[in-house]
Structure formats: structure tokens, C-alpha cells
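*Asks:* Here is how the chains run, residue by residue.
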Amino acid sequence: MTPTSPQTLPQNNEGYENLVKINMDGLNTLSLLVGGVHCAVCIQKIESSILKLPLIKEARLNFSTGRFNIIWEGSAALANQFVKIITSLGYSVNPYNSDIEKTTLDAENRFLLLCLGVAGFAMGNVMLLSVGLWTTTTETMGMATRELLHLVSGLIAIPAVMFSGRPFFRSALSVLKKGQTNMDVPISLGLILACGMSVFEIFQHGEHTYFDSAVMLMFFLLIGRYMDFRARKNARSAATDLIKTLSGFATVIKDGKHQRILIRDLREGMTVLVGAGENIPVDSVIIDGRSAVDTSLITGETLPRDVSIGDMVFAGTINQSAPIKLTVSKAADDSVLADVVRLMEKAEQGQAKYVRMADRVARAYTPVVHILAILAFILWFGFLNASWQDALMIAVTVLIVTCPCALGLAVPVVQVLASGVLMKRGILVKSGDALERLAVIDTILFDKTGTLTIGKPELVGQYDESTLAIAASLATHSRHPLSKSLSSSYHGEILSIINVTEHAGQGLEGFYQGQEIRIGNRSWCGVTDDIPHTDNLEIWYRCEQEPPHCFIFKDELKTDSKSTIEALRKSGLTMALLSGDRKNVVTSIANELGIQNSIADMSPIDKYNYLEKLRSENHKILMVGDGLNDAPVLAGADVSMAPGTAIDMAQNAADIVFMGNKLLPVLIAYNIAVLTQKLVKQNFALSILYNFIAVPVAFMGLITPMLAALAMSLSSLIVIANSFRLRRYK
Amino acid sequence: MSIIIVLIPIALILGLIGLGAFIWSMKSNQYDDLDGAAHRILIDENDDDNVTK
Chain A
1 MTPTSPQTLP QNNEGYENLV KINMDGLNTL SLLVGGVHCA VCIQKIESSI
51 LKLPLIKEAR LNFSTGRFNI IWEGSAALAN QFVKIITSLG YSVNPYNSDI
101 EKTTLDAENR FLLLCLGVAG FAMGNVMLLS VGLWTTTTET MGMATRELLH
151 LVSGLIAIPA VMFSGRPFFR SALSVLKKGQ TNMDVPISLG LILACGMSVF
201 EIFQHGEHTY FDSAVMLMFF LLIGRYMDFR ARKNARSAAT DLIKTLSGFA
251 TVIKDGKHQR ILIRDLREGM TVLVGAGENI PVDSVIIDGR SAVDTSLITG
301 ETLPRDVSIG DMVFAGTINQ SAPIKLTVSK AADDSVLADV VRLMEKAEQG
351 QAKYVRMADR VARAYTPVVH ILAILAFILW FGFLNASWQD ALMIAVTVLI
401 VTCPCALGLA VPVVQVLASG VLMKRGILVK SGDALERLAV IDTILFDKTG
451 TLTIGKPELV GQYDESTLAI AASLATHSRH PLSKSLSSSY HGEILSIINV
501 TEHAGQGLEG FYQGQEIRIG NRSWCGVTDD IPHTDNLEIW YRCEQEPPHC
551 FIFKDELKTD SKSTIEALRK SGLTMALLSG DRKNVVTSIA NELGIQNSIA
601 DMSPIDKYNY LEKLRSENHK ILMVGDGLND APVLAGADVS MAPGTAIDMA
651 QNAADIVFMG NKLLPVLIAY NIAVLTQKLV KQNFALSILY NFIAVPVAFM
701 GLITPMLAAL AMSLSSLIVI ANSFRLRRYK
Chain B
1 MSIIIVLIPI ALILGLIGLG AFIWSMKSNQ YDDLDGAAHR ILIDENDDDN
51 VTK
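From first to last, the protein sequence lines are chains A and B.
The numbers in my numbering rise by one with no breaks, and the one at position 416 of the first sequence is 416.
The numbers in my numbering rise by one with no breaks, and the one at position 35 of the second sequence is 35.
Here chain A stands alone, though its shape is the one from the complex (with noise of 0.2 Å):
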């Protein structure tokens, strides 16, 4: 037994001043992961509770990526009040590794804003000039003042489509050396050689330029690339997390002293020291000390388990109760955590393969533009006698009018909207093709704890008011989950308790008005086994010779959990609950909510392979889960759903994470996925219809740059148009 009280506990926060670096003006800066982020509340007392401080230069925090970034004068070791500040907040802290994929993202978004910004300008300029091209002809114009706008449309156009052409150009360029051909392929080609024909036509003092299309093409284009790229930006590989999980700091008694390291170092062998709510950092064994581990990470199980000296606890779970030793068996890379990573990584690759309905669709569609343009070509200068700067000039204006913009907007601009509809409804979607996926599914498994149910036991049934208060006030001397929940259902003034003392594994000891009393598990409050079990979790409270009370508790059905599944079902999609915990809890659950299929018992690899056996039956599966044993299943899902109360694995593994104590948003994101999808279709249906009148009028040779910027335009905002109609939806 170790006893212990809460002001003697370790604090994570040591050991920052070890991540401080010295910038160029010589100042102190640190990087800290913050997360619990969510509004701008939370943005304002972090910053300004560092900013308050004296000799602080900056301390600014990204919304986006939970980066925080201060700079200070001074002593590096201030890191860790910095720390314990935030701390203390109630926001988490983790050292930020600035990993090589989030740079190389920012990089690509810096660089298509930048191509976006260029191709603004040369279309706002061209189109200026093109303006008085289109309403005038060579007779009210004069061919010098012609030429000369020409001229400078060109020399603006030419060096814009050389910088920002190249998000299109290296694309085309990669898929070609490797013997493919995408969207960018007819794209380059059009960019080229409208401008290549357009200079032709300058020196050959012809009539119509066609520098204008191509900016606007490539405007147009880069829009659709840059949302396309908003959109997925978000979605990175949930197995690099690991770093993060293994990236903090441990404590390791080394010759008798503390000491503290980065847990990435540690090595078999090594004495380490973990406090009450510290993450056990690697997998171990105990060598002093007794107390309760919260093993959810590893199970999904809310209720702690009791651990003493010889017993293997697993890196990621989290110490309650008592400091304990441990002796490192195994290297943190070897953890079981780490083996779950593995099979996720394992799990993502499976994913990779999934092909995006707008690549589909290039695929079909790239041969046709460059065959129908060849067409063009041989059928003018074969077949019509035209001489070939004609028929070439008609090949390519083929080419531009077939590749129009609203193909390359008609996914981006739905999935965005979408997107931002979702995101009202407390519902983030991380990958912009998640819907696409998440439309076409016909099985959705759900974990049980915290998916389905709360995640957290609720006291349930009525109690004596005056036991309530006086075992509420000891339970809040304890973090274990049982008498958390105990002290929350209790909204009174809080009694003074004295000499309290936690004994792990057991219960709670107190004195109130001179009375010892007592609340925790049956032989703790000297219950025997006459009174019988039931499935229900049970605190119980004793005060010195009066009967025993019980406090019964209960995970409880998220409130509209079984509307949900109903609604779901009558979408006509067949749902399985696969869950770590008991058989007849499972099944009362499942039968409870009218799920047919239900496996308890379940380890994370048992999910795992249930789910590989469904997707060799091509199946089309969502997965709704929150807890590390989901994570594998999560990325390898065809698509998948976290609440946001799941671990930050479970969040980044998942595709869509929605916020909310319901189960709604998963109907919710399914109706909208499909509602997307429609659009998505009616919108290539939009710009094929665009095609079947465009391509004859080009074919034909009728097309001037002016019907040809018309039609370009004309056809994207009828894209865009039709793909707002998706804010209507209630």
C-alpha cells in the first residue's frame, strides 16, 4: 500500500529547457505542441498568459497545426514554466517535431497561393486588353493598335504561364515519363500550345491571339488545385504520430538520482520512475509501488486495472492512483503501441490504392481530348484543304475548349462547400475524398465505448441526498473514473474531508465530523458476496458501523445512439458492433439497439483481421470507433469516423472526426456524402453537355477567343452554381 497525496506527485513538465534553440538575434525560442485547442477563447488566454510575462518577445500559436512558438530574452530553463503554465490551463503539452511532411505541405501551399496570385494578375491584365479585342474587329480598330495588344497580352501572358503553369507541367510531366497520362497531360499541352500558336499568329499579324484562354484556363485550374489541395491538406498519415506519443520526457533514477530523458532513449533495463496520471512511457515491469493503470488506450475499457510488483504494464496507458517503479523491458520502437503503429502503417498503404473519382474520370477522359484534337487536325488539313497553321490553330482550340475548368472544379468546389456545411454541424472532415468514399458504403462497424455509449460510467438511480454529499466530497480526493463520476453527479457545496487517504486497488479513507468513513471496492466497506453481482460497475460507502450504501453506475447509450442506427439501417446499410469488452454487456447493447451482429472480446488485431475478412467480401466499410485498439481498424477502413472525445490517434487515424456527446453526425455525414456524390456527377454531367456543344462549334473552326473565354467561364459558374445548391441542405 502507498499512500499518497497530490501535491507530492512529479510533474510532466520538466525537462523543456533541453528543446530550447538560440535563434539569430540570439533570443530563446521553443516550439510546444498544444492541443484542446478550439476557438478563440483558447487562442487568446494561452498567448496572452505566456505574453504577461516579463521578457517575452512573441509567443504566437497556429490555429491549424497547434504549434506554438515563443520567443523570450533570458533564461533557457523558463521553458518549463512556460510549460506548467499551459499545463495548468488544462491544455496539453508535447514537444512540436518539426517533421520534414509538414514543411514540404507548407512549401506546396506557399508555392500553388503564389502560382494563384500570378495567374490573377496576367488574367486581370490580359482580360483588360482583350475587352477591346473582342468588341472591335481589324476595320474599327486599326492593325497597329491590334498588334500592340497583342504584344503586351503576350508579353504578360507568356512569362505567367512559364511560372504558374508549373503546378500542371511537373505533374504531366511525371505521370509521362513514367508511360501514363492524367488531366494535366491535355492541360500542359493546351497551355503550350495556345501560347506557342498565339506568338505564331503575332508574327504572322493574324487576327486572334489566344493568350487570354490560356490565363484564364490556368486561373480557373489552379483555383480547383488550390481547394483540392485545402481540402486534403488536412489528412496526414495518423501513424507518425508515434512520435508524438513517444516524444515526451521520462523519469529515470540513475545512481539514486532523478533524471530526466526523452523517452525515445530509454533502454532495456533502465530504472523509470512514473507518477499518479503519467503516461507509462514503454512497456514494463513493476518493481515497487501498487496501484491502477487506465489500460483504455490498449483495450478501450474505461475501468482501471489493478497492478502490483511483477506485473507488465504497456507504454500509452496511463498511471492513476501511485508512483510506481518500473523496469524497461522493452525499447520504446518495440512496444505494443509501437506494434499497433505498425499495423496501421500496414493498414494505410491497403488504403493508398483507392483511386479519386475525378482521376477516374481523366482517365476515360485525356485520350478523347487528344484524339478529337488529332481528328481536327487531320480532317482540316487532310480532308478540307486548309493550310496547317489553320488546321493546327483548330486542333488546339479543340484542345482548349475539351478541357474546360469546370471539369477541373466540378469535385474540388463540392468537396470544399461540403466540407464547410459539415464543419457547422461540429463535423470535420479531414480528407477531401473521404465523402467520395464514405458515399458508397454498405457496412459500418462501431466500437462500443464512447462510440455508442458515453464512454464515461454515469451514476444511475436515486440516492439519500446526505450520503451522496458526504461520499461525492471523498470521492473528489480520487481520480479514479468511478469516483470522478461520483463526485460530478453531485452539484452541492463540497464537505471538508480530513486526513484522506487513497489506497490503490481499494477504495478511499476519510474522517468527517470526527467518523471514519470509507468508499471503494466491496471488501474495502467489508461487504461480503451475499449481496449478489450484477453486471453494473458499484462503489460502495461505509461509514463506521452503519450499513453499506451502493452507488451503482452505468455507461449509458449516447441519447439518440438508437435513432441513429435506425435511421441508418433503413438507409439500407448493414452496421456489426465489435467491442473489448464483455459478452453479455455486448450483446445486451447490440440487442438494445437492434444491431444483429456483435463479437465481444475483441483484441485490436482480432478487429483488424475481422475487417480484412469484410473487405475480402467487398465490402465497403465505414468504421465509427475512439480508442487506440479502433486505430488500425480506423485507417484501414474505407473510410473512417472518430468523436472528438477519441484519443489523438484514434482522431488523426480517422478520416471525418465529429464533435458532440451524439451519434447524429455519422447519419449526417453519410447523407451529405451522398448528396455530394450526386453533385459531384451532375457537375461532370454539366461539363460533358458543356463538350458535346463545344467541341462540334470548334470542329467546325467557329470558335474565337472570345466565344472561347465565354464558354470557359459560362461553364465553370454553372459548375459552381449547381454545386452550391448543396448549402440547401437542412
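If you're looking for bench data, these hints aren't it; they were derived computationally from the structure.
Keep in mind that a hint or two might mislead.
Only some residues are given here: those of chain A computed to face chain B with a beta carbon under 7 Å [what the hints assert, rightly or not]:
#: 1; residue: G66
#: 2; residue: F111
#: 3; residue: L113
#: 4; residue: F121
#: 5; residue: V152
Heads up, the beta-carbon is just placed ideally off N, CA and C, and yes, glycines get one too.
Dock chain B against the given chain A, drawing on the hints supplied.
*Replies:* Frame of chain A; chain B shown alone:
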């Protein structure tokens, strides 16, 4: 028509000023945290109190 000799350069210069402003705003990290910027507008305190000292 000779007025365009003046007007075209003016249009180009105005456009370039806009482009320059855009590139400047991008270089000074104003597009790095668009979601954060959307939230920051709600913080009603003096600028010098919450951004930089």
C-alpha cells in the same frame, strides 16, 4: 487611341502593385493559419496585448 500608351502601363503598374502586396502578405506568413485568423477576429483586446510586444 494614343491614350492607351499611357493607360496600359498604368493598368500594369496597378496590377503589379496588387501582386506585390499579395506576395508580401504571403511572405509574412499571413496565409499560414487561415482558420486561426478567422478566430482571432473575435479576440477583443488591443493588438499589442496578444500578438507581439
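*Asks:* Name the hints, by number, that the structure is in violation of.
*Replies:* Of the numbered hints, 1, 2 do not hold.
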